[in-house]
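> Working from the sequences, and respecting the hints, build out all of it.
There are 2 protein chains.
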Amino acid sequence: MSKELALIEALRALAPHPAARGLADDCAVLPFGGETLVLTHDMMVEGVHWLPGQDMADVAWKLVATNLSDLAAKGAEPVGVLLGFTLGEEDARFVAGLGEALQAFGVPLLGGDTVSANGPRSLGLTALGRATCSPVPSRSGSRPGDRLWLTGPVGAAMLGFEALRDGMTGDSAAFRRPTPRLEEGRALAPMATAMMDVSDGLLIDAARMAQASGVTFAIDSEAVPFPPALPASRRDEAMRWGDDYELLFTLPADANPPTAAHCIGVARAAMPSPVIVDGAVPHGNLGYMHD
Amino acid sequence: MSKELALIEALRALAPHPAARGLADDCAVLPFGGETLVLTHDMMVEGVHWLPGQDMADVAWKLVATNLSDLAAKGAEPVGVLLGFTLGEEDARFVAGLGEALQAFGVPLLGGDTVSANGPRSLGLTALGRATCSPVPSRSGSRPGDRLWLTGPVGAAMLGFEALRDGMTGDSAAFRRPTPRLEEGRALAPMATAMMDVSDGLLIDAARMAQASGVTFAIDSEAVPFPPALPASRRDEAMRWGDDYELLFTLPADANPPTAAHCIGVARAAMPSPVIVDGAVPHGNLGYMHD
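Going down the list, the sequences are from chains A and D.
Counting in numbering that gives the first Met the number 0, the first sequence runs from 0 upward without gaps.
Counting in numbering that gives the first Met the number 0, the second sequence runs from 0 upward without gaps.
Incorrect hints may appear among the rest.
Quick partial rundown of chain D residues pointing at chain A, CB under 7 Å, derived from the structure [to be verified]:
1. Gly32
2. Glu34
3. His40
4. Val44
5. Leu50
6. Gly83
7. Gly87
8. Glu89
9. Pro119
Don't read these hints as lab results, they were simulated from the structure.
We treat Cβ as the ideally placed atom computed from N, Cα and C, and that holds for glycine.
Put into structure tokens, the structure is as follows:
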């Protein structure tokens with residue numbers, strides 16, 4: 000078990016609250032007043048989650064977008080965000096990018112804290128949402144026979160990252176400025192048997208949903224959407240790269256999604272591997288492993 | 000204007016939401032589901048907010064306690080917390096202290112995120128509360144003639160810090176394990192004209208409340224409670240040291256608090272200095288200045 004997972008297990012053990020599924024980078028879901036709150040908190044660290052020298056406006060955008068993506072996977076409507084900010088270089092660029100993201104997604108900044116520190120900067124964002132349907136979709140509701148769907152291509156962020164890293168002319172927007180699938184999430188939430196966003200890689204996130212649901216996903220790689228610029232030789236890699244923030248979800252076999260999506264596989268009774276691709280167990284790491 | 004305040008001003012400008020008073024380390028307050036949510040997010044950084052080598056169990060306790068103290072100042076009942084955690088040494092001690100604090104204050108851990116990073120560790124906590132009265136007390140409601148009250152002594156955390164730093168036998172618990180005044184806050188909230196917790200120092204926090212309210216507080220230093228161990232020569236210093244997390248509040252002149260508290264002064268029409276002590280403008284820094 001990784002150090003992070005061991006810590007999460009220890010944290011869960013001390014606080015066995017039903018909403019604490021939020022600890023494994025899922026959202027917390029809890030009743031408040033007559034409605035349901037959806038909460039998530041994600042961090043970004045310099046040198047880990049962004050490249051040294053990267054425009055802080057893009058970092059701010061991504062911090063907002065990745066947290067809102069967690070809300071999208073619950074079909075939640077964003078209510079606001081709280082920011083934890085380490086002061087540093089290019090704070091004005093950060094504020095500019097934060098403002099653009101908040102405006103783009105119609106979300107107010109409600110509060111937060113700022114600190115000074117030496118060393119790599121650390122940013123945290125708490126996003127607060129309002130559930131739009133009940134029950135709120137979880138990762139654990141997929142049943143054998145359900146079909147597995149994906150709202151859009153995987154691999155664009157990988158290409159964007161490489162373009163940015165190498166100073167190439169390729170389009171890096173998919174990596175720098177992802178779009179949370181908020182509308183899609185709200186449309187899908189009432190009918191999805193399980194849903195999550197693809198943040199760490201299609202295969203590893205599919206494996207997590209399969210394990211939470213007690214099924215195995217059989218994925219047909221020919222059905223997975225990729226960006227046109229991706230060479231066919233890199234499709235396997237693209238299925239293991241994260242940061243695309245598309246929604247991965249299951250629907251009953253006879254249902255079709257109310258929003259654009261690609262059927263990429265089917266849920267089967269659990270096998271030893273939570274994911275099989277084109278009938279075989281995928282080799283190696285499935286995606287980004289938190290350490 | 001400090002770099003931090005400049006940033007906060009910039010953030011406020013881009014998100015003029017009524018709840019965004021949370022940006023100046025106050026809480027965000029917003030309606031949700033027929034009730035009122037109270038939200039705060041505070042960070043702690045190694046080497047800034049805790050001593051290198053300090054027991055991580057105490058750091059965890061303080062992270063929880065300081066955030067709950069912000070809720071206490073709103074009279075809010077804690078609902079849960081989300082943790083942003085940088086992995087490092089002594090994580091097991093952190094988890095132990097976190098568990099003790101959550102149990103002591105009856106608050107569940109709802110979710111969060113963990114990251115790996117080099118350099119000084121950064122921790123963030125979002126605390127979520129439910130308002131118990133309406134309106135929720137702010138910092139801006141003090142009126143000339145109101146009396147200024149404090150729930151308990153200031154200076155104990157300063158002595159505790161020194162004992163811990165110097166490896167002395169003195170009691171460091173007041174610095175290591177502060178108690179948020181949750182019960183007191185709930186009792187006071189319906190009647191306080193303004194309220195906040197004393198986190199950065201009595202004088203500076205009083206000045207902030209005075210400025211927010213458009214008054215000046217005339218403080219009688221003889222009426223300020225101090226711990227018995229504090230030498231009389233250090234009382235001025237104790238009024239400028241933070242971390243005691245007592246509640247500072249105003250009541251109409253004819254009202255008495257329903258909980259133990261000390262009347263330490265009175266609100267007057269605004270003068271050039273937001274705080275005067277024993278009739279004079281205090282010299283030098285009033286307390287901990289965020290930079």
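> Is the interface hint satisfied for Val44 (chain D)? The criterion is a beta-carbon contact with chain A at less than 7 Å.
For Val44 (chain D), the interface hint holds, since the closest Cβ of chain A sits about 4 Å away, which is under 7 Å.
> Using the nearest Cβ pair, does Glu89 (chain D) come within less than 7 Å of chain A?
violated (11 Å)
> Less than 7 Å between beta-carbons is the criterion; does Glu34 (chain D) satisfy it with respect to chain A?
holds (4 Å)
> Less than 7 Å between beta-carbons is the criterion; does Gly32 (chain D) satisfy it with respect to chain A?
Interface hint status for Gly32 (chain D): holds (3 Å vs cutoff 7 Å).
> Would the hint on His40 (chain D) stand, with a C-beta cut-off of 7 Å toward chain A?
This hint holds: His40 (chain D) lies near chain A, its Cβ roughly 4 Å from the closest one there, short of 7 Å.
> Closer than 7 Å between Cβ atoms is the bar; does Pro119 (chain D) clear it against chain A? Give me holds or violated.
holds (5 Å)
> Any CB of chain A closer than 7 Å to the CB of Gly87 (chain D)?
Status violated, d = 10 Å.
> Using the nearest Cβ pair, does Leu50 (chain D) come within less than 7 Å of chain A?
At about 15 Å, which exceeds the 7 Å cut-off, the nearest Cβ of chain A leaves the hint on Leu50 (chain D) violated.
> Hold the hint about Gly83 (chain D) up to the distance rule: shortest CB distance to chain A must be less than 7 Å.
Holds, because the Cβ-Cβ distance from Gly83 (chain D) to chain A comes to roughly 4 Å (cut-off 7 Å).
Violated hints for the displayed structure, listed by number in ascending order: 5, 7, 8.
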